[in-house]
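Student: Sequence:
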Amino acid sequence: MAPSSVVTTLDRADRWGDFRRLMHDVHLLAPDQLAERVATFARGLGLAEFVIYLVDYEQRSLLPLRGEGVPLRQELAVDGSAAGRCYRQVTPVDAGRTDHRWVPLLDGVERLGVVEVSAPVVTEELGADAVALASLVAELVVVSDTYSDIFAQLRRRKTMSLAAEIQWELLPPLTFASDRVVVTGALEPAYDIGGDSFDYAVNGPLAEVLVLDAVGHGLPAALLATAAIGTYRHARREMRDLPDVAAAMNRVIAENFPGSQFATAAIARLHLDTGQLRWVNAGHPDPLVLRDGALVRPPQCRPHPPLGLQHGKPEVCEMQLHPGDRVLFYTDGIVEARSPAGEFFGEERLADFVLRAEATGDPAPETLRRLMRQVLEHQSDQLQDDASIVVVEWLTGDEQQLQV
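Following our numbering, the numbering of the sequence shown begins with 550 at its first residue and continues without gaps.
Hints in this document: simulated from the structure, not taken from any laboratory.
A virtual CB, placed ideally from N, CA and C, is assigned to each residue, including glycine.
You may find that some hints are simply not true.
[Stated by the list, open to error] Within a straight-line C-alpha distance of at most 20 Å, the following computed SDA-like cross-link-like pairs (lysine to any residue) qualify:
#, residue 1, residue 2
1, 862, 788
2, 862, 787
3, 862, 757
4, 862, 818
[As the list claims (entries may be wrong)] Derived Cβ-Cβ restraints for the label pairs, each shown as a range:
#, residue 1, residue 2, range
5, 897, 574, 52 to 58 Å
6, 574, 854, 54 to 60 Å
7, 890, 767, 24 to 30 Å
8, 615, 685, 15 to 21 Å
9, 775, 672, 46 to 52 Å
10, 872, 565, 41 to 47 Å
11, 714, 808, 23 to 29 Å
12, 644, 574, 29 to 35 Å
13, 565, 840, 46 to 52 Å
14, 566, 672, 20 to 26 Å
Please construct the entire structure, taking both the sequences and the accompanying hints into account.
Tutor: Dropping the structure here:
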């Protein structure tokens, strides 16, 4: 065997040994030791520095995770920084230097933040190692987050209301993608959300989506949303048809929340093989469909009363999607956001924003992040109602934008 081959083989064996030790250690690793342990492992790969940044709840700032031996860093803006460009575009960014690189921190395709890496020269091989390590770190962050408050505390830039705390714990990951469907959502005000929420699940050939707007504000609305989403998940996992899912949610709200409390909702099911979209409209805005650069409105379908006020099972609406369609499910806080002059944000402005973002190549999660900024700016950063949205993309081919 040639000397270079021996070195390569030994180097690979050393790396696998370090990796095995890391994976052994993480079983007993306290979350506050994660940054330090990963930075030590990264140095064994030849990376002088490896700093983890998590995005805050409003997706405005990237916040460094500190640890012993980890270089001290300041928070960075998502808009207007090289680290932010890495986050927004889901791509490594060199920032004009050969010794320094930003790498996306992704759990699946869910954007958690970025990683800063440095070496005397970040070679192609080192860059690939950094991307792979960032993927592992993302998984460790998500797992550790289930039994620690450290990451949730780091991500807060403002005081969070109790209602918002409950709602964030209810949410699934903000983005999911496969080769057939992308589902991504957003909600505001991030630190004071009350009654708006959403849920989804991709089960084999079916993508299930719920967008919910519980009446009222604050804790009462959050508690109603909790019961509604819990019921939705229970009925969905029992594989009930959409009218039965809606009936179960209606019954739980009516029986447990007196005083005519209710929730509007869109409860949808997309068959990923055929593109058949079915949904129940419970007093909710109709979905919007974007196709070939234009807005397409679904066929006329009779809406039903909100959940908690229904009598009998609702009818199901249906529409055949085309490959490449994007479906927007949203609450009225989006379109009814009113400027100081009294102008509503409106459906046309919503559709136009998403279409323009699609034309410029923005990934779906970045489109919604920017959309929420636009809705807030339209209302002078003072939302008078919760605002949430979920976009479902069927066979667009854009899922490749969401991974490194």
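Student: Now, for every hint given, state plainly whether the structure supports it.
Tutor: Hint check results:
1. For the hint pairing residue 862 with residue 788, the CA-to-CA distance comes to about 16 Å; that is within 20 Å, so the pair holds.
2. Restraint check: the Cα-Cα separation between residue 862 and residue 787 comes to about 17 Å, which is no more than 20 Å; the hinted pair holds.
3. Proximity of residue 862 to residue 757 is assessed by CA-CA distance (about 19 Å); at most 20 Å being required, the pair is judged to hold.
4. Using a Cα cut-off of 20 Å, the hinted pair residue 862 and residue 818 holds, with the two alpha carbons roughly 17 Å apart.
5. At about 55 Å, the CB distance of residue 897 to residue 574 agrees with the hint of 52 to 58 Å.
6. Against the hinted window of 54 to 60 Å, the Cβ-Cβ separation of residue 574 and residue 854 comes to about 56 Å, which satisfies the hint.
7. One distance hint, 24 to 30 Å for the beta-carbon pair residue 890 and residue 767, holds here, with the actual separation near 28 Å.
8. Distance hint for residue 615 and residue 685: a CB-CB separation of about 20 Å, consistent with the stated range 15 to 21 Å.
9. Checking the proposed 46 to 52 Å range against residue 775 and residue 672 shows it holds: the Cβ atoms sit about 50 Å from each other.
10. Distance hint check: the CB atoms of residue 872 and residue 565 are about 43 Å apart, consistent with the given range 41 to 47 Å.
11. The supplied range of 23 to 29 Å is met by residue 714 and residue 808, whose beta-carbon atoms lie about 24 Å from each other.
12. Checking the proposed 29 to 35 Å range against residue 644 and residue 574 shows it holds: the Cβ atoms sit about 32 Å from each other.
13. Taking 46 to 52 Å as the suggested C-beta distance range, the pair residue 565 and residue 840 conforms, at roughly 49 Å.
14. Taking 20 to 26 Å as the suggested C-beta distance range, the pair residue 566 and residue 672 conforms, at roughly 22 Å.
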